[in-house]
Each structure stands twice: as C-alpha cells, then as structure tokens.
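Protein chains: 2
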Amino acid sequence: MDITLQDTALYLKELDNYLILTHRRPDGDTIGCAIALCLGLRRLGKRAYVLPNEGATALFAPYWGDTLAPEGFIPASVVAVDIASEGLFPQSAEPYRGKVDLCIDHHPSNEGYAARTHLEGDKAACGEIIYALLQLLLFPQPEPPAFPFASPKALWEPVELLLPQDLALPLYLALSTDTGCFVYDNTSPNTHRIAGKLMETGIDTTQVNKRHFRTKSYTRLRIEGRIMETLELHQQGTIALAAITLEDMAQLHAGEVDVEDIAAFPGQLEGVQTAVTIREMAPGECRLSVRTTAGLNASKVCALLGGGGHAQASGCTVKGSVADAKAAILKAIEQVQGEG
Amino acid sequence: MDITLQDTALYLKELDNYLILTHRRPDGDTIGCAIALCLGLRRLGKRAYVLPNEGATALFAPYWGDTLAPEGFIPASVVAVDIASEGLFPQSAEPYRGKVDLCIDHHPSNEGYAARTHLEGDKAACGEIIYALLQLLLFPQPEPPAFPFASPKALWEPVELLLPQDLALPLYLALSTDTGCFVYDNTSPNTHRIAGKLMETGIDTTQVNKRHFRTKSYTRLRIEGRIMETLELHQQGTIALAAITLEDMAQLHAGEVDVEDIAAFPGQLEGVQTAVTIREMAPGECRLSVRTTAGLNASKVCALLGGGGHAQASGCTVKGSVADAKAAILKAIEQVQGEG
Numbered sequence: 014m015d016i017t018l019q020d021t022a023l024y025l026k027e028l029d030n031y032l033i034l035t036h037r038r039p040d041g042d043t044i045g046c047a048i049a050l051c052l053g054l055r056r057l058g059k060r061a062y063v064l065p066n067e068g069a070t071a072l073f074a075p076y077w078g079d080t081l082a083p084e085g086f087i088p089a090s091v092v093a094v095d096i097a098s099e100g101l102f103p104q105s106a107e108p109y110r111g112k113v114d115l116c117i118d119h120h121p122s123n124e125g126y127a128a129r130t131h132l133e134g135d136k137a138a139c140g141e142i143i144y145a146l147l148q149l150l151l152f153p154q155p156e157p158p159a160f161p162f163a164s165p166k167a168l169w170e171p172v173e174l175l176l177p178q179d180l181a182l183p184l185y186l187a188l189s190t191d192t193g194c195f196v197y198d199n200t201s202p203n204t205h206r207i208a209g210k211l212m213e214t215g216i217d218t219t220q221v222n223k224r225h226f227r228t229k230s231y232t233r234l235r236i237e238g239r240i241m242e243t244l245e246l247h248q249q250g251t252i253a254l255a256a257i258t259l260e261d262m263a264q265l266h267a268g269e270v271d272v273e274d275i276a277a278f279p280g281q282l283e284g285v286q287t288a289v290t291i292r293e294m295a296p297g298e299c300r301l302s303v304r305t306t307a308g309l310n311a312s313k314v315c316a317l318l319g320g321g322g323h324a325q326a327s328g329c330t331v332k333g334s335v336a337d338a339k340a341a342i343l344k345a346i347e348q349v350q351g352e353g
Numbered sequence: 014m015d016i017t018l019q020d021t022a023l024y025l026k027e028l029d030n031y032l033i034l035t036h037r038r039p040d041g042d043t044i045g046c047a048i049a050l051c052l053g054l055r056r057l058g059k060r061a062y063v064l065p066n067e068g069a070t071a072l073f074a075p076y077w078g079d080t081l082a083p084e085g086f087i088p089a090s091v092v093a094v095d096i097a098s099e100g101l102f103p104q105s106a107e108p109y110r111g112k113v114d115l116c117i118d119h120h121p122s123n124e125g126y127a128a129r130t131h132l133e134g135d136k137a138a139c140g141e142i143i144y145a146l147l148q149l150l151l152f153p154q155p156e157p158p159a160f161p162f163a164s165p166k167a168l169w170e171p172v173e174l175l176l177p178q179d180l181a182l183p184l185y186l187a188l189s190t191d192t193g194c195f196v197y198d199n200t201s202p203n204t205h206r207i208a209g210k211l212m213e214t215g216i217d218t219t220q221v222n223k224r225h226f227r228t229k230s231y232t233r234l235r236i237e238g239r240i241m242e243t244l245e246l247h248q249q250g251t252i253a254l255a256a257i258t259l260e261d262m263a264q265l266h267a268g269e270v271d272v273e274d275i276a277a278f279p280g281q282l283e284g285v286q287t288a289v290t291i292r293e294m295a296p297g298e299c300r301l302s303v304r305t306t307a308g309l310n311a312s313k314v315c316a317l318l319g320g321g322g323h324a325q326a327s328g329c330t331v332k333g334s335v336a337d338a339k340a341a342i343l344k345a346i347e348q349v350q351g352e353g
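Chains A and B are the protein sequences, given in the same order.
Okay, so the first sequence: first residue is 14 according to our numbering, each after it adds one.
Okay, so the second sequence: first residue is 14 according to our numbering, each after it adds one.
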C-alpha cells in the first residue's frame, strides 16, 4: 500500500520498538537515512535501532554511534530505508523477508514488498525524504485548514526548523554521497536547499567531504595510473579502451574494493564519448563495462557479445585475452554504429 | 570607500556605459560574476560590457555570449568583480589602474584600490554577492520602515525571486567552480541555498558540472599516473613526495596547463598529512609545493629553504636535482617537527 509522508509520520508516532534495515553493500544514503531516522524516533521517546549490516565498510564507522541493534532485539515494527526490493537485503536482514511494515524509498523501481510504502522517485537521495519526514515528526505542524474554506495547499505551509546536529550529519552524508557531492545529474534544487538547511545547524561537513570525496587509497590511485599508462584511444579519441589485467591486480596488491566503480574512470577523459573498461577476471576471460555519453547505445553493443544493461551503461563477458576482448568490443561498437 | 550592497545597487542604477573587469588567469567566479552583472545591467536598460581577458581559456568559451566589449568602447564607469588588487589585473585592464569606480569582492585581502568597494569576506564565491545584488537591482524591493518605529532588520525582508536563466547560469558557474562543486571547506549554507535557487530556474547544470568537474585532459591524467608511479611515502605514509621531472613533461608532451594546481593531487592520498610536489623547472632547479592538513606548518618548512606562504600551503625553490630536493625538504620537515 502506498502511503503519504503525513501517514508515514502518523504510523511512526503510533508504535514503538523499531528496527531499521539498510540495503546490501550499504552506501551513505541508506546508512545516513537509517541513523537519522533511528535518532529521530528516539527523540520521540521510542526505542529504535538500526540492524547491523555485514557489508558496511570502515568508511562509515564514524557515523553509527549507539544506533546498532543489540543481538536478540525483537522489533514491533520493521522499517526499510532506501531498499528497492527484498533481493537487495543484506544477509542480516534475511529473517525480515515478507515482514517489512514500512518502506521509505526514492527508487522508482521499488517493488512494493512492504506492507506500507512511501516512495518519492524524483528525489536524488532517500535522505531528502527522511529530512521532510523528521520535520513532520519532530516539529509541531499547524492543522491544515478544513475544506471547503480554502485550498489546503495554498494556505498550509509545513513548519521547517533546524534539525538537531546528530540528525543533520547523517542526512548530509546521505545527500552528499548519493549525488557525488552535488555533482551528479540527480542533484536538484531540493537537494541544495536541504543541504543548506543541514549545514546551518553547524555540522562538520568538512570531515564528511574529506572522507568521502577528497580521499583515495594508494592502490586505487596506482590502478588509475596504470589504466592511463595502457589506455588505447580510437576513432579520433572518442572511444577509450582501458584494461586491468590479472598481472596489474597482483602487482599492485589490489582487491575488489580498489576497483569499485572503476568503469567510471576513463569516461572523465576529455573528448571520450564511449569508455570501455576491460577486466581480466581469469586467464582467458574478460569482463567488459561500456559507458556512453552520446549517441551510441551501450546495451545494443553489449548484446552483440551476449551481455546487456542500460543505454548508457552496459556490460558483457568475452572469452579470450584482453587483446581478444578489445578486438571484439571494437567490432561490436562499429557494427552498432553502422546500423545507427 | 566601503559601501553597502544597497548603495552598490543605487550606484549601478544611476549611471550607464559600464565596463566590467575580471582578474588575471580568470576562473569561473570572476567570469561568471562579470557576465551575470553585465546581463543584469542590460536588463535595466544600461549599456554594459565585460573587458576581454587575454588569460581566459577555451573552457569558458560557452559562457561569454555577446558580453565582450568591442574595441574602442569608452566606459563611463569601471567595475571590478572578484579582484583583490590591481596587481591581479590582466594585461587588458592595465589602462584602468587607478580608475576603478566600483569593486565587488569576497577576498578579505582586498586592497581597497577602487573608489567604492563592496566586500563580503565571508562568502565562498563572489557570485553569492552578485546574486544578492541582482535581486536588489532587478526586483522591486519594499521600502525599509522608517526608524524609530521598528528595527529595519526585523520587519524588512528583501524580496527574493528567481533570476532569468541567462543570469543564473553564469552565477552557478561562479558558485560551483569556487567551491570545487560544493566540496571545499568554504562552501556555506548560503552557497547551497543560492545554488538551489539558481537550479530552480531550470538551467542546465549538467553541462557545467561535466565540463568543469568531471572532465580531465589525457595529458593531465597521464601526469597524475606518472606521479603515482614514482610517489615516495615517508613517516608511515603521512608524508608523500611527488615529483614531475623535465623528462616526464617532455615524454608526456605536457604544458603548464596540464600541471595547473597539481600540488593538490597527492594530498588526496589516504593517510597523507603532508604532500610535497616537486617540479624540476630546469636542470639543477626544482620548485616545491608543500600542502599540509594537520599539525605541520608548511610556511615554516619552506622558510628553511628560502620560501614561504601560508600555514597549510607554501612553496620554495631548491637548487639541485629532484633527489636533492627530496632530501632537502625531508630534512626541513624533520627540523620543524623537532621544534614543534
């Protein structure tokens, strides 16, 4: 059942003993939302905890405080934040499949697995929704005037006050990480407006920005350097072929965490419209990521090699060496260009 | 003479034929402010132009429109935006030394060289000041209530409306470039609030963000890769020594534009507190940039080698090879650490 933000607030005011779930491989949005909602509910006098998530990295350690649920906590209400489907539950949330009472989310693809869902698909971060929800929960709101005397929308403006800092900081984490610090296309006027309101509370955004946007690991920077050393450009520099071999990974002592989202790296190269990142996964097996910014349909290109995805971000697997993979993807790109 | 924003608006409403100056090696803030102010003045029916700046790079070509002053334009009033001193004038502005009628700036170090100066040293970007100024210029403002009936501040809230898109876009350029797209420490609640208001006008911030924050040149990325290949870490990884040799520059066909602000690059390395970037400028001569984030005073370190600067960003020149420069700066760092 889809419910409004007002009804979401009424629901949360009514019960007690909340357990809040975050999604698999949790990011700053799901973690920030869970912590802010947990602390907000506690300010209403409720018991509330965030379910520990086995995928949470050390990067988020500074934010948890005392929000993590102790073992054996039995919730009266289970709330999922920023989780589009039960398939995205972390291992720790498996027992709560089919038992989520309320889901608050911003993914248009949300599968409606919860008893109640409040979805705002136009928001860059779920944190924007939690911000508005906490306003309703924590600050006394005027009664909407009774119909038919006036249009409620015209006369009834919700009260907006500054949140406490302990709620504002995780929400800033949520907004900033989901927008690459306000640089991604999903950033909206609402994102900036709320970021301003959160900063007004006096929180230390410097530390958050430094930790999440201005720091890279040594290995990550070496990997990026290696990619540039071996990058191939085609078609007047509009196509970039980047490769990471097993030897590179071994030489640089790199793990999966060091190549996370590495497919986005060659796309920042000036003039590149199609960025292909090839990873040698095993001898004779390469995984390819294709990112395009204009014209070319990445999904069609990858489909020719047995893969697929979105028009601007797709992937496929090629049997063969890195050189084989390069030849195969170039041929596939040319074929799709020829059709276009 | 220091003047208020209100008096700045009154001054600009009074005269005509404005020429707007930008600073040497112009950035998005000075350029964005000049263009927005120029177009704002034209909306008041004034003639206004921006003085061409020989240092403006192609990166800013999309923004100028028809704002650049034709040769022979004789202004009745010269306005400088985002220029702290006459020493920062571009070559083209040399004839206007001692002739600036109005300066609008956010640098606390502003030298007061103009006949009238409106300075707000707490703003991240000069664009924030121009935004507020354009509100006063373009939208009818209520009269402040007469003293002593009420405190003007309490009752008189200036009107804030959405600017036209052609003014909003250069102001977004100003705010975003001066804050690294809202990631630098100077970003304030006001920066975010105004960014939201500018985005509300429907401008295409995606293109601005892509151009200025999500694009790097091939040579720049190769230089960064080379730095990582040769990076030295000292003192448990808290000190990074990066070097760019003449050979690197030649091999990668790099020019000055490719190493602009390169001193900031090694500082993003996880765990690094002191980042030293060494550039071999000529055989036997190295220029060093020292950036520190905690504890160590970079200015003291560089002073030991005949240089200086700020506590967190300083520089010096060392006679000798890159190896000599590394040894010298490490010794200087250790000496300052020993004193501390």
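If you are wondering where the hints come from, they were derived from the structure by calculation, not from laboratory data.
Incorrect hints may appear among the rest.
Copies of one chain are not kept apart here, so a pair can be met inside one copy or by any two copies together.
[To be verified] SDA-like cross-link-like pairs, simulated, lysine to any residue; straight-line CA separation at most 20 Å: (1) Lys59 x Gly353; (2) Lys223 x Gln348; (3) Lys223 x Asp274; (4) Lys313 x Thr219; (5) Lys26 x His323; (6) Lys339 x Asp135; (7) Lys112 x Pro177; (8) Lys59 x Asn203; (9) Lys223 x Pro108; (10) Lys229 x Asp274; (11) Lys229 x Gly333; (12) Lys339 x Asn30; (13) Lys339 x Thr243; (14) Lys112 x Gly353; (15) Lys229 x Asp198; (16) Lys313 x Phe152.
All values reported here derive from a predicted model rather than from experimental measurement.
Each hint, compared with the structure:
In this assembly of identical chains, the alpha carbons of lysine 59 and glycine 353 never lie at most 20 Å apart, being 58 Å within a copy and 49 Å across copies at closest. In this assembly of identical chains, the alpha carbons of lysine 223 and glutamine 348 never lie at most 20 Å apart, being 44 Å within a copy and 28 Å across copies at closest. Taking the shortest alpha-carbon separations for lysine 223 and aspartate 274, both the intra-copy value of 19 Å and the inter-copy value of 18 Å come in at or below 20 Å. Proximity of lysine 313 and threonine 219 under a CA criterion of 20 Å is satisfied in neither setting, with 42 Å inside one chain copy and 25 Å between copies.
Neither within a single protomer nor between protomers do lysine 26 and histidine 323 lie at most 20 Å apart by alpha-carbon distance, with minima of 40 Å and 53 Å respectively. In this assembly of identical chains, lysine 339 and aspartate 135 lie within 20 Å of each other by CA distance neither inside one copy nor across copies; the values are 37 Å within and 52 Å between. Proximity of lysine 112 to proline 177 under the C-alpha cut-off of 20 Å is found in neither arrangement, the shortest distances being 31 Å within a copy and 50 Å between copies. When the C-alpha separation of lysine 59 and asparagine 203 is checked against a cutoff of 20 Å, the pair qualifies neither within a copy, at 29 Å, nor between copies, at 34 Å.
With identical chains, the CA atoms of lysine 223 and proline 108 are never at most 20 Å apart, being 36 Å at best within one copy and 43 Å at best between copies. Proximity of lysine 229 to aspartate 274 under the C-alpha cut-off of 20 Å is found in both arrangements, the shortest distances being 13 Å within a copy and 17 Å between copies. In this assembly of identical chains, lysine 229 and glycine 333 lie within 20 Å of each other by CA distance neither inside one copy nor across copies; the values are 32 Å within and 31 Å between. Taking the closest pair of Cα atoms, lysine 339 and asparagine 30 never come within 20 Å of each other, the shortest separation being 55 Å inside a single copy and 59 Å across copies.
Taking identical chains as interchangeable, the C-alpha atoms of lysine 339 and threonine 243 lie at most 20 Å apart only when both belong to the same chain, with a minimum of 12 Å there against 29 Å between chains. In this homomeric assembly, lysine 112 and glycine 353 never come within 20 Å of each other (Cα to Cα): the closest approach is 47 Å inside a single copy and 59 Å across copies. Taking the shortest Cα distances, lysine 229 and aspartate 198 sit within 20 Å of each other only across copies (18 Å), while inside one copy they are farther apart (23 Å). With identical chains, the CA atoms of lysine 313 and phenylalanine 152 are never at most 20 Å apart, being 50 Å at best within one copy and 51 Å at best between copies.
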